[in-house]
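Could you build the full structure based on these sequences and the hints that come with them?
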Amino acid sequence: MNGRFAVRLAYRESRHGLRRVGVYMASITLGVGALVSIHSFRDDVARSIQDQAEVLMGANARLSAGRPFPDSVRSVVDSLREAGVATSDVTTALSMVLAPRSGDVRLLQVQATSGGYPFFGEVKTDPEGLWGRRSLERGVLADPAVLTQLDVRPGDTLAIGRVRLELLGTVEDLPTDLGFQTAIGPRVYVSQTAMEAAGLLGFGSLARYEVFLRLPERDDRTAIGDRYRTVLEATQVRYTLAEEQARQLSNGVRFLGRFLALVGLAALLLGGIGVASAIHVYIRDRRPGVAVLRCIGAGQWSIFLAYLIQASALGFLGSLGGVVLGSGLQRVLPLLLGGTLPVEVTTRFSVTSAAAGLGIGIWVAAMFALIPLLQVRDIPPLQALRRDFEPGRRRADPVRGAAYAALVASIVVLCVLEAPEPLMGVGFALGLGVCLALLGAVAWTLSRLTRRFFPSRASYPVRQGVSNLFRPQNQTVSVTLALGFGAFIVGTVLEVERNVMDDLSLSFGQDRPNVLLFDVQPDQVEGISDLLPDDVRSSVTVAPIVPSRLESINGRPVEELRADSTAEDRPERWAVRREYRNTYRSDLGPAERLVAGRWWDGTPGADDPTEVDAGDLPRVSLEVEVARDLGVGLGDTLAWNMGGTSIPSVITSLRAVEWDRLEPNFFAIFEPGPLDFAPQTIIMVARIGDPERRAGFQRSLVAAFPNVSALDFSRVQEAVDTILSRVRQAIAFLGAFSVLAGVVVLVGALATSRLQRMREGALLKTLGARKAQVLGVLFAEYLALGTMATSSGLLLAWAASALMVPRLFEVPYAPHLAPMGGIWLAVAGVTVTVGLASSRRLLRRPPLEVLRDIAD
Amino acid sequence: MMIVAQGLEKVYTSGGRPLPVLQDIDLEVAPESFVAVVGPSGSGKTTLLGLLAGLDEPSAGRVLLDGQDLSTLTEDQRAGFRARRVGFVFQTFHLLPTLTALENVLVPLELRGQVRGVRQRGTELLERVGLGDRLGHYPAQLSGGEQQRVALARAFANEPAVLFADEPTGNLDQETGSTIVQILEELNREARTTLVLVTHDLALAERGHRVIRLGQGRIVSERPGRMADAAKTTP
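Residue numbers (my numbering), protein chains in the order written: chain E, 1 to 856; chain W, 1001 to 1235.
Since no wrong hints were added, every one of them can be taken at face value.
Beyond 12 Å from chain E on every Cβ pair, some chain W residues (computed):
hint: 1; residue: 1004
hint: 2; residue: 1146
hint: 3; residue: 1181
hint: 4; residue: 1221
Looking from chain E toward chain W, a few residues come up when the C-beta cut is under 10 Å (computed):
hint: 5; residue: 460
hint: 6; residue: 461
hint: 7; residue: 471
hint: 8; residue: 756
hint: 9; residue: 760
hint: 10; residue: 763
hint: 11; residue: 764
hint: 12; residue: 766
hint: 13; residue: 767
hint: 14; residue: 769
hint: 15; residue: 846
Read the hints as simulated data drawn from the structure, not as lab findings. The beta-carbon is built from N, C-alpha and C at its ideal position, and this holds for glycine as well.
Okay, structure coming up:
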């Protein structure tokens, strides 16, 4: 092999004809751009989180629990404070907040702070300087969203529980805000005294208790965790360090980032297909020249090397463009993912991401170019003399085999490197391969069917246009793969999102309950029922909630069962430690099905109708999944701690529950009677269809029963919708890169077949075709191409969603036509537009000019 | 069809400079006659043919086909005129690779929007050129001579009043070439078509009524061919 000759040849050859291949390199640019932007963005977010760990928590460490701290933990906090540690109590409760002036009412988070929280970062308020205990003694602050939701402005009064407070201003920036938290419900900020006066922290209320600690020394932080571990674990109070929280957050973001990176990688690999197809055509055009070079003594490997150098150089240029593009896009991603990110992201040019993108881009370009480049070796010198001379095909070519193996290995390695987990990477590579193979197969079948069954009575331009897809050396398959893959990604994302949202609106939909009242005291049920509209009252579900903890199973304390590592049926940690919200009632609910044992009235279970004799003990019905995780079945005894009293029970039935329905459902249901006098609150579920009446009811509810909270499901639906659509946006944005990569492949394919199309157009004109007829042929061709590509992609998207939606999201699948129609319109539209735009000259030039050119 | 060219000129721009390809061409071709245009490469033969067929607009002068001044027609009108009255045969056959032999023959008819009886007409023409058994073959499956015969069938599909042939035998061996010329002449005679043929092949040129020689874009000589002599000697 003559290296110097190869380099010189590469340079000289690159002056002609490479420009057309250059178009394809734009697909590498797009892929690398997507990848670099995601890598840099991931780095940006992770760095921002780590940099702001303390600011994000507002402290160095935090104690937290879902109920008031027991005395043992209180005394720990007191002793820390005495030892000079700064502490700050933060209590957050859910409550209805009413704005008397506008009459609007919303379920909001009410947060009371004391002490210097947050210890790090600065809270910005409008007007300035309102954050702090003193101002909160005079009134409340609120997140800006509260102002629009309640239609209030500073100076207005807010009714929170039993108190009325003046709205002083807004909290514009609380550094501890983790973006998605406020998506659940915006907050109002009150003083601890106001919180207590409002009466929001009563029995059974949904509140969160936290104590923030300032512990500048790392050793102190870990020492505290170690010293008090036993007492904290026993009382189920969590101790979290700021750096731990940051790590968890960055892990979450990293996972999302890596997932997005896979989508970006897909775009790059599509670019690879573009490169392969460009090089294939390029080499085909170079055949006569290569044959002449072979005639005059150039070795096949030297020529091969020359072209490999060209491909790599173009890969380098394409990737370099990608790095520039990616650094720009890096700034767009935070905007798209806006509210779902935990921190404000500072962008910085990431050298490692850029270098990685550059390296990956060149590698992908070279690897995909390799296989078509190997054709160079097969061009016989004799072809210089006789163009139609075709050499006999090589049978087994180990080099070609090795090139394929290297390509596959490269793809797998890249996927593994980019994926959140290695196995997922292998799965993704496999999925990608299967997907492209299926796309190819679908496209092939569609094209065969088109050719076979296309109506011969269709008008001439349509028939000519469709048959153009099969012209010799056509690139229909590579264009179909590239465009189809983009359509596949975007289509799948849309289909999955639509189905999940459909299921959600079904859950919130017609006849399903849409208002949930909680923290209702037993003596308030009647009064609340009176407030409800007449037609709603009869259908209200009322369920008592008895907060309970498991004490023992079949007489053995749960701690002992957990500690016994030899026991095969050791109960799951979550099932043992959680706080149960049990209920009692006489009938099965609409979302329940009895599978084993017998209901109180003797109704047998579907699978196992065994009747258990409970003797004098209270009977309880367990949900099947939790029974499995507890390792219990019919006839086992469970002892519960309910408000300090121990209540025994016998499992007499097991139920299967549809959890995704919004009726109140429970792990454990007692028979009526034994729990009548246990400490309890009530939840009520109703459906008030008309939004006006729903709002009216909530207003009168807050006025009459300030301690009761009402959750309007349509707001929850909106919140979920917002978060889902943000994530969809990000994925679709990157999916669009695949579509763009597809468009680039299309542009390249059009560029390489330009001469042929010019000739055909000129010929048609010579034979008497009017411009409109030539245009019709082109239109039909590009529309057919776009349609074939999109329908292949969309068919696959449907199949993938039909597989994914029920398994991953446990939601029934139904295909959607409208969004798919939209994708078809977009992709086919782009194909037609790009195609016709590239044919402008063809239409303008007189046929003689074209025929003369070709004759030359 | 009567073809008249008056003061025809064509100037192309090459490298930013004007490049005259045809100058001062005055020409009359009588209906049903066979005129051959000869001359060395680059003498403007193909350009002249193209201008006579209205494939491009002359830089000066005009072309009249049966009294119709082509310069008064738009490009689409000229295309329509060709679809109705003009046939073409090229050196490199120029068949549409994605269409079968029969479909290629049908193109001019379909461009005219003709639907009825087109397949029968196409089949007859292909049978006439000896390709009755090749109707469903694609160009790539045909030899050069067969491709040119398909092109001939296509050229006569719309029963043209004038046929322009640009080196129709240029890409064929002598034997195949003479078969093509034979078919061309027969079809021409049967359809009473005016034939303008550009060729390098002097023997072929001699077979027409007139031989026009071009040199550097001008007509350098004009003389009668063998057919003219035959016409004279025929009583």
